[in-house]
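Chemist: Now for the letters of each chain:
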Amino acid sequence: MAELIRVVLAEDGVLLREGLVGVLSRFGCAVVAAVGDGPELLAAVAEHRPDLVITDIRMPPTFTDEGLQAAVTLRREQPGLAVVVLSQYVQEEYAAALLDTGDGRRVGYLLKDRVVDVQEFMTSLQTVVGGGTVVDPEVVRRLLRRPKDPLAALSPREREVLGLVAEGHSNSAIAAKLFVTEAAVGKHVGSILAKLDLPPAEDTNRRVLAVLAYLRA
Amino acid sequence: MDGWEGPLRTHYRDAVSTNEAPWQALRNRHYLLSAGPWRAILYGLTTLPLAGVVGVGLVTLILPWLAAGLRFNDGRVIDGPLLFVMVTALAMFAGLGPLVAIPLAAVERGRLALIDQRPVQSAHRPLRTDPITWLRVRYTEAATWREVLYGAFLGLVVPVVYAVYGILALIDFGFLVSPLLAASGTDSWQFGAFTVSTLGQAVPLAIVGVLLIPVLLYLLGLIATGQAATARALLGDRDGTALRAVAQSRARLADAFEAERRRIERDLHDGAQHRLTSLTLQLGMARLDVPADSPAAAPLAQAHDEAKELMVVLRELIHDIRPQSLADLGLPAALRELTVRSPLPVTVTVAEGLQRPAPHLESTAYFAASEALANVVKHAAASRADLLLAQAGDMLVLEVRDDGRGGADPAHGTGLTGLADRVAAVGGRLLLASPAGGPTLIRVELPWQS
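Just so you know, the protein sequences line up as chains A and B, in that order.
Going by UniProt numbering, 64 is the number at position 64 of the first sequence; the sequence numbering is gapless.
Going by UniProt numbering, 388 is the number at position 388 of the second sequence; the sequence numbering is gapless.
Do not take every clue at face value.
Distance windows between CB atoms, simulated [claimed, not checked]:
id, chain 1, residue 1, chain 2, residue 2, range
1, B, Lys378, A, Glu47, 20 to 28 Å
2, B, Gly418, A, Thr62, 31 to 39 Å
3, A, Asp100, B, Gly353, 23 to 31 Å
4, B, Arg341, A, Glu120, 20 to 28 Å
5, A, Glu120, B, Lys378, 33 to 41 Å
6, B, Asp320, A, Glu120, 23 to 31 Å
Keep in mind that the hints were calculated from the coordinates and are not lab data.
Each residue gets a CB set at the ideal place from its N, CA and C atoms; glycine is no exception.
Please model the entire structure based on the sequences and the hints provided.
Modeler: Laid out in structure tokens, this is it:
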């Protein structure tokens with residue numbers, strides 16, 4: 001990587017924080033600040049202007065959704081800031097709140113447990129920094145099993161494709177995963193966008209809107 | 001949501017026991033078809049021998065005083081022998097009364113269960129001591145003398161009431177058999193001013209007789225209920241101190257368990273879970289540095305995978321102790337999370353403006369929903385389930401209904417009794433409607449202030 005990705009990390013557990021600093025450094029990121037709560041996170045971001053913010057959701061002082069609040073605040077102020085939140089457990093409302101900020105790009109919602117799969121975790125971070133959206137597969141899995149599905153118009157294959165889109169995969173990655181041609185995936189995505197009533201537009205990422213529709217369903 | 005307001009609610013039956021006062025059973029529209037009348041009859045029949053014996057004894061003791069009263073009325077002198085007998089009778093009543101009344105009360109408390117399932121506790125102080133102390137304590141206890149009073153009630157009032165009832169029942173019996181008598185051609189007979197001699201006169205009488213049966217059954221229910229209420233008032237722990245103490249300690253225990261669960265959950269989360277995640281991360285890092293052809297690669301990969309599996313196990317364990325989402329986001333969100341984990345499609349409906357209940361209520365409601373949904377999955381053969389959370393009066397109400405085959409029976413260990421216990425511990429109750437063929441509806445009511 002030509003330029004170091006400058007990261008601000010917020011995690012209240014010292015052991016895990018140090019571990020994450022190690023991982024990030026190893027993969028060519030510069031951790032410019034590692035903090036332990038929401039207010040410190042906001043201050044550190046204001047000071048360092050990082051490329052990427054990684055934050056735990058449950059932190060002091062309230063031990064509820066401090067990190068998410070901070071992430072949403074940051075995204076409101078700087079819609080282009082790449083933010084990845086780590087959640088102890090899946091909460092679709094959290095994911096939706098985060099994706100609702102900015103244009104829904106450059107954000108990631110991952111289960112905290114994912115960090116231990118170091119390589120996949122780093123790939124997710126790079127996707128977010130590169131302008132993509134990453135939603136934890138577990139969120140996607142749960143959404144697919146909703147009893148009242150407003151995405152009912154979609155065929156099973158289209159749901160599968162939308163799920164993979166929501167996880168941040170490109171068309172070619174999806175094609176590889178599903179053992180079909182990229183053209184076929186493109187056709188599915190087009191059909192999904194049409195069925196979700198997302199007309200072509202210049203300034204919005206329709207894939208992100210589709211994911212949002214998916215999450216709000 | 002449609003269906004929630006359906007007629008099912010009238011068929012609720014208590015999953016624990018019929019913990020209601022007998023008079024409440026009387027007010028039930030289906031009282032005559034329920035076990036109620038049979039219970040009343042059984043209670044009445046078992047009353048008779050006891051009341052008879054006690055009555056005869058009491059009347060024997062009262063007779064000298066009656067005689068004295070009559071003499072006094074006639075202006076005659078009360079002579080020495082009569083005075084002696086009177087004093088002896090009084091002494092026997094005071095002296096032996098408690099010795100009879102105490103065991104009698106014990107029998108009566110037991111017999112009360114025939115008609116009133118609520119527990120009744122003796123108001124006597126528990127004693128395990130020598131006979132002299134026992135007598136001294138018992139003779140000075142208010143509870144003892146209330147029991148003597150109950151003995152008097154049982155011996156003197158109850159027989160009169162039952163005698164009057166017996167006469168009414170006999171009259172009705174006469175009404176009922178009057179057509180038979182008329183047909184057999186016996187002489188005319190009279191009911192008060194009413195003379196019956198022909199079949200034409202007898203049939204309306206028999207109809208009245210039939211119509212009177214429910215009235216008589218209700219009357220018996222009323223008498224039995226009155227007697228039971230008197231027994232409960234005189235023989236039970238009137239101040240309710242014993243019972244209230246039990247209820248309080250149960251609530252305290254539930255609170256203590258809740259606090260303990262919270263502590264364990266926090267300790268596991270802040271300690272074990274955090275360290276394990278960190279360890280697994282280190283293993284993941286180490287894997288990157290070990291070449292794939294190194295002899296350490298395979299064992300390291302295995303260690304990493306096992307650590308990851310352990311993370312899942314620990315997360316599930318912590319979740320079962322106390323879901324974090326419950327503490328962080330409240331009951332509605334936790335219930336939604338619960339439904340996503342269920343293999344069945346489940347909808348969650350939360351009444352608007354529902355206030356956040358106390359933590360122990362949230363825990364209990366969550367546990368109830370979780371247990372009920374698990375039951376639906378295991379036993380109901382349902383294709384879907386619905387959860388409703390609402391406030392009704394001073395109750396937090398949780399309903400779980402499914403479209404399964406019904407027939408859930410708390411008597412057959414479907415986890416319902418354990419659930420009922422946990423609900424009862426916070427002063428709530430569990431109701432169940434599960435006709436064969438379904439659907440099943442479970443309703444949990446938790447008092448907002450417990």
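Chemist: Does each hint fit the structure? Answer for all of them.
Modeler: Structure-based check of each hint:
Evaluation of the 20 to 28 Å hint for Lys378 of chain B and Glu47 of chain A yields a failure: the beta carbon distance comes to about 55 Å. Between Gly418 of chain B and Thr62 of chain A the beta carbons are some 34 Å apart, a value that agrees with the proposed interval 31 to 39 Å. In this structure the hint that Asp100 of chain A and Gly353 of chain B lie 23 to 31 Å apart at CB holds, the actual value being about 25 Å. For the hinted restraint 20 to 28 Å between Arg341 of chain B and Glu120 of chain A, the CB-CB distance of approximately 23 Å keeps it satisfied.
Glu120 of chain A and Lys378 of chain B have their C-beta atoms about 35 Å apart, which keeps the hinted 33 to 41 Å range intact. In this structure, Asp320 of chain B and Glu120 of chain A meet the distance hint of 23 to 31 Å, their C-beta atoms being roughly 27 Å apart.
This entry does not satisfy hint 1, going by the numbered hints stated previously; all others are met.
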